Amino acid sequence: MMASPLDFLHTAVQVLWSSSGYNTQVVAVGAVLLGWAAGMAGTFLLVRKRSLFSDALSHATLPGVGIAFLVMAALGGSGRFLPGLLAGAALSALLGLWAVLWLTRNTRLSDDAAIGAVLSSFFGFGVVILTIIQSVDIGRQAGIATFLLGSTSGMLFSEAVTLAVLAAMVSLVIIVMRRTLTLVAFDDIYAQTRGIAVARADLVLLLVVLAITVIGLKVVGLILVIALIIIPPVAARFWTDRIAVMAILSGMIGALSGLIGVVLSAAVADLPAGPIIVLSGTGFFIVSFLLAPRRGLVFRSIHMLRKGSWNEEKRGETMAGPDHGQTPSSPGTSGA
Amino acid sequence: MTGGLFLGLFLVPMLIGIFGAVACALLGNFLILRKQALIGDAISHVVLPGIVVAFLWTGSMQTFSMLVGAAGAALVAVVLIEIVRHAGRVETGAAIGVVFTSLFALGVVLLEQTSIRNIHFDVEHALYGNLESLIWVSGLAPGALFDSNAYHDLPVQLPRLVLVLALVVAFLFLTWRTLVASTFDPVFSRTAGLPVFFVNGLFIVLVAMAAVAAFEAVGAIVTIAMLICPPAAARLMTDNLLRQIAWSVFFAVFAGLFGFWLAGPGVALLVEGAAVSAAGMIATVSGLVLAVAAIAGPRRKGLRS
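Which chain is which? The protein sequence lines are S and Y, in order.
With my numbering applied, the first sequence corresponds to residues -14 to 321, in that order.
With my numbering applied, the second sequence corresponds to residues 35 to 339, in that order.
Rather than coming from a laboratory, the hints here were simulated on the basis of the structure.
All values derive from a computational prediction rather than experimental measurement.
Backbone N, C-alpha and C define an ideal beta-carbon position, used for all residues, glycine too.
Treat the hints with caution; some may be incorrect.
Here chain Y is said to cover these stretches of chain S; the calculated rule only asks that three of the stretch's residues, wherever they fall, bring their Cβ under 8 Å from a Cβ of chain Y [unchecked claim]:
hint, stretch
1, 11 to 24
2, 104 to 114
3, 158 to 167
Simulated pairs of lysine to aspartate or glutamate, EDC-like, Cα-Cα distance not exceeding 16 Å [to be verified]:
hint, chain 1, residue 1, chain 2, residue 2
4, Y, Lys335, S, Asp96
5, Y, Lys69, S, Asp96
6, Y, Lys335, Y, Asp273
7, Y, Lys69, Y, Glu116
8, S, Lys34, S, Asp255
9, S, Lys34, S, Asp96
All chains should be built: construct the whole structure from the sequences, respecting the hints.
Here it is, written out as structure tokens:
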């Protein structure tokens, strides 16, 4: 495909600066900001062991999109007005999030069961709404299907600007909230003793993820937006133990993936942006998984062969945050 | 409605929905208790890349190769998740997320880059199936049930799901002791010398088979709903495993029947001639069943495991 990073850069410049590329420029800015925000927020979600909450959130947007379409069409509008669809998506994702939290708090079901139940039943209801839209035949419903897999090619200029602005706003929220998020992600009991409202900080994080999910719907689609939130932080974790570094690295991986996806899909026919963004992230993950110093597979295998002992190796800490009892002054929580 | 119309247009798809739901729900009980619910989620999503790769490999849309491809993808996904978890020390949820979204993205790219989408296969179909289309044309004729010739165009999904359901039941009977022991006390069951590794592997293979067979009829999302919602609701009804399984089967049958009825005749009562997605409605009903159990189930609070 691309022979070298330099070639890719060349293509990127060509695509972005060509006369027809104006729209692509805005979409690229939006995708880069989206990837950045998703990577940052995903870091905190990963450390909190809640990565798959994004799965429930994204699937739960579908009924909202469908209902918003029906409502706007019934009011005589076009039905495809993006801000309206996104508002509907956000509302139903919020309901889905509430359902997951309610189930885990008020019943004995664990996170994974609650997430699976909410994502499948909300999505199922969304499909019911979609078939209603098809059967009442309002026409010009094609815009709805693109929410499944995203579509950057047919995006209106105003839509691209909306998404870019929203992504910028979310990045800003994360930067403002970074200390609280870090503290709660690592050590919620300590955070509580410091007088930080853990439940509220948790909610802020989940709402940020919700916002990213909704913005990502149009670019990568509701199934793959999960990947933007999960893959970059997992890749970044291989390179560092410090959460601040991890968040920035993860944001950069997300942003680069966004850029690569948009550029490639603009340059090559029949190459949708969403999956390419995700696969770029997967590429970063595989490289990190294999080659990162200390945590990478190659390094650890060599290390293990030299020491001749597997047990030594197994004792290391796991990926997600350490258990309670960790001192807050340890690396990563330097923001405290 | 005449008997023939009912048999051909409603009974067969309804039975397909119910058998798929019960096969998934039976296995789902153990997914829930083992906190592996989202493995079911991952398996259902990677069926898409599995089918695409099978098509690229064989160049045809033969059902058998599609099924093998989907089951293969499910196994590849499970193995990859384990590799990422252990070799990469990644937390389970994140490992599941990395693997299934990557494979799904790969499936979509392959789908867009090849001719497969021109021959009647698309992502939407993979996600929510088309239960209503599985009608039995010969069943429409009077007396079809007693005419052996009429069975040749019975939708193959029906016997296939019956077979999968039989396999699931046989698996539960034959491995019951080990399955239950390794679900509730993995350490004990391993030290007691039970064939834990073998049974766990077989369990995942069966989840994949059930997911693939159900997927073909109702799509990925309803498969997830059936794997998770009825057993989760059943979990809130009782502390007894056998009773929980019985409840889950009851809930699955109820969701299959009521959802199918709502989507067709039910909606038609409100708006004449209208119909909505049966698969979507079955998933919706199963979610509502869980909601009711979560509000009023007698054992909704009890111990978590």
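Given pair status - Y/Glu116, Y/Lys69, alpha carbons within 16 Å: This hinted pair holds, its Cα atoms lying about 15 Å apart.
Pair hint Y/Lys69 and S/Asp96, alpha-carbon separation not exceeding 16 Å: holds, 9 Å
Pair hint outcome, Y/Lys335 versus S/Asp96 [Cα-Cα no greater than 16 Å]: holds, 14 Å
Three-residue Cβ test at 8 Å for the coverage of the stretch 11 to 24 of chain S by chain Y: violated (count 0)
Agreement of Y/Lys335 and Y/Asp273 with the hint, judged by alpha carbon distance not exceeding 16 Å: Within the cut-off at roughly 11 Å; holds.
Given pair status - S/Asp255, S/Lys34, alpha carbons within 16 Å: violated, 36 Å
16 Å limit on alpha-carbon distance, applied to hinted pair S/Lys34 and S/Asp96: holds, 10 Å
Three-residue Cβ test at 8 Å for the coverage of the stretch 158 to 167 of chain S by chain Y: violated (count 0)
Verdict on chain Y covering the stretch 104 to 114 of chain S, where coverage means 3 or more residues with a C-beta closer than 8 Å: It holds: at least three residues are needed, and the stretch 104 to 114 of chain S offers 10 whose Cβ sits within less than 8 Å of chain Y.
In terms of the numbered hints stated before, the structure departs from hints 1, 3, 8, listed from lowest to highest.
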